[in-house]
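Chemist: Line by line, the protein sequences give chains G and F.
According to this note's numbering, the first sequence is numbered sequentially starting from 1.
According to this note's numbering, the second sequence is numbered sequentially starting from 332.
One or more of the hints may lead you astray.
To be verified - Partner residues aside, some chain G positions facing chain F, computed with beta carbon under 10 angstroms: (1) D36; (2) I61; (3) G144; (4) A187; (5) V219; (6) N257; (7) V275; (8) V295.
As the list claims (entries may be wrong) - Taking lysine-lysine pairs in the DSS-like style, the calculated list, with each CA pair at most 25 angstroms apart, reads: (9) G:K176 with G:K142; (10) G:K48 with G:K176; (11) G:K34 with F:K595; (12) G:K34 with G:K48; (13) G:K48 with F:K595; (14) G:K142 with G:K48.
Unchecked claim - Some, not all, of what chain F presents toward chain G, calculated at C-beta under 7 angstroms: (15) I338; (16) Q446; (17) A476; (18) G477; (19) S481; (20) G488; (21) Q491; (22) V576; (23) D578; (24) V614; (25) R617; (26) S625; (27) T627; (28) Q631.
None of these hints come from the bench; they were simulated from the model.
Glycine included, C-beta positions come from ideal geometry on N, C-alpha and C.
So you can see what is in the structure, the chains are spelled out below.
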Amino acid sequence: MSLMKSLMGASAALALTAGAALAEPALIFDLGGKFDKSFNEAAFNGAKRWSEETGNSFREIELQSEAQREQALRRFAEAGSNPIVMAGFAFADALGQVAADYPDTKFTIIDMVVDQPNVRSVVFNEHEGSYLVGMMAAEASKSGTVGFIGGMDIPLIRKFACGYAQGVLAANPDAKVIANMTGTTPAAWNDPVKGSELTKAQISQGADVVYAAAGGTGVGVLQTAADEDILSIGVDSNQNHLHPGKVLTSMMKRVDNAVYEAFTDGPDMETGFSVMGLANGGVGYALDDNNAPLVSADMQAMVDEAAAKIASGELKVHDYMSDDSCPALTF
Amino acid sequence: MDALTIIQVLDSTVRLATPLLLACLAGLFSERAGIFDIGLEGKMLMAAFLSAAVAAVTGNVWLGLLSGIASSLVLAGLHGVASITFRGNQLISGVAINFLAAGMTVLIAQDWFQQGGRTPSLLAEGRFGGIELPFAIGPSDAAAAGRPLSELIGEAGMFQQIYSELLSGHSILVYAAFLCVPLTWWVLFRTRFGLRLRAVGENPAAVDTAGVSVVGLRFAAVAICGLLCGIAGAYLATALQAGFVKDMTAGRGFIALAALIFAKWRPWHAMGACLLFGLLQAVALRFQNIELGSITIPVQVMDALPYILTVVILAGFVGKAIPPRAGGEPYVKER
């Protein structure tokens, strides 16, 4: 019996050291799913790029329910993965509890701030990118009414909406912005039927450009906009190719860069607070062959000028999350 | 709020109520025959996936519809075998079907298309388009005039607005769904088959004594349930949307069950309940927070209302909801 015990103990110790020696980085996707053509897919693309360039592999998991967050974190940490990157604000609570238990493991959380010595918190200035696409929406709109469709009603999505509305009003002070949220539960990230109906409702209120910041729900928004022959704006990843000629542009949030950097820095990465904005290429708008005919030279010049001003700090876009209010839009 | 806005909300109501109505009638057939079915959601989801997948591969929406119905029938058969032949617990079998569909759809979709559990976007011929009724203002008039459709309809008269916006322009499945209501009523209450089907849900022993096969009738009811769920799923994936997305039914099968209880297992009332629940969704989507004088009703209240209303009905405040007497119990022949 005691021989058995020591044998098992030895093999367990061996397994532990083997795990630690691997130190593969790990990536955890949020409930929207790895291939949401948006936020999570951008994270995956960053990890894939790192893997292709270095030839190393990484571990990943797609969550199926809220309850798995802490479990997935602990599993990866115990298996020796380092660093562990989480795509999504909703990991904050779980990470806050787990981080202190694994002081030698580095964590990166995207879209949220967790104040622990071994955590890098990456936040994006989505309001700046949204401001730019808002200006383009106002320029492209013929009716003077533009729409915004958010996923789950959380401060982060309101930040998108608020930046967008400011951009719209900057380009056309008389424009009207209709903002709707799909729901208040995580199911709101994956309900394209509701996204379609919201789009139709906004079209019947006069909107002819609709900006979707809604994960998988946005697929329905972009589809309906293309069916009804109006323009749409994608989010997070470049979504221009989904409906060529119908997607005005996409607000690019370079989640891929954040993941790529975290993986590249490896276990020795600097922790702390990191802001990705217009100034350091964290956000921007997408321009490619699919939307080139829709973007006029004037429009591009105007947006690029605003982008330069925001990057230099000359123009300040109000951040909804700084004071939970928006001067350009009421929710 | 002008008349056109109300018409637009009603138009949205019709679109949102259609999958509920089909699923609700499906449940009605099954439960009237004494087979409780909480697997409506799973059957719809499976049909949504397979109809979108086949339509994407073949480019033919009718083939998609047929395969959607076939997949739903397979799941219905599974439910039948488990709960009729093997006399298993009907609720557990239904739950199993929901889980099976939620997992299998994503798994197969990933294996076939490698797009993370969704099907490729369908092109025009892979979808059910809107049908333009005669004399209605539709996309072809808008293209001829070179102006947006909403403008043309906005300028039309009241009657034309109702006709063009509310009645015309839906896909064929919407009209089929609403035709199913009188058809269901006729089958259940005016045919011999319907009488036997209802009897089998109330007192299967009596039906058996009369020399009619209880098992055969129950399987027929479960098959009709599968057929209607199949149409509902295909409508979601190939008419409302252009492709399948993971978990795209988003609880509509359960709202349909709530509507069935709300309607007390009667076809015309089922239509009323589904339209009411559809209207609640449409209003919630259109107006978000509603201000009544000084009180603001948040959008969450509208989303929760179908369930609240069902609980009120079940609690017996508005008449009593009495399910078919033999519902949920497998029939065991006396020896």
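Chemist: Run every hint past the structure and note whether it holds.
Modeler: Now for the hints, and whether the structure bears them out:
| no. | hint | verdict |
| --- | --- | --- |
| 1 | D36 | holds, 8 angstroms |
| 2 | I61 | violated, 14 angstroms |
| 3 | G144 | violated, 14 angstroms |
| 4 | A187 | holds, 6 angstroms |
| 5 | V219 | holds, 6 angstroms |
| 6 | N257 | violated, 21 angstroms |
| 7 | V275 | violated, 30 angstroms |
| 8 | V295 | violated, 22 angstroms |
| 9 | G:K176 with G:K142 | holds, 12 angstroms |
| 10 | G:K48 with G:K176 | violated, 41 angstroms |
| 11 | G:K34 with F:K595 | violated, 42 angstroms |
| 12 | G:K34 with G:K48 | holds, 12 angstroms |
| 13 | G:K48 with F:K595 | violated, 54 angstroms |
| 14 | G:K142 with G:K48 | violated, 40 angstroms |
| 15 | I338 | violated, 9 angstroms |
| 16 | Q446 | holds, 6 angstroms |
| 17 | A476 | violated, 14 angstroms |
| 18 | G477 | violated, 12 angstroms |
| 19 | S481 | holds, 6 angstroms |
| 20 | G488 | violated, 18 angstroms |
| 21 | Q491 | violated, 16 angstroms |
| 22 | V576 | holds, 5 angstroms |
| 23 | D578 | holds, 6 angstroms |
| 24 | V614 | violated, 10 angstroms |
| 25 | R617 | holds, 5 angstroms |
| 26 | S625 | violated, 17 angstroms |
| 27 | T627 | violated, 12 angstroms |
| 28 | Q631 | holds, 6 angstroms |
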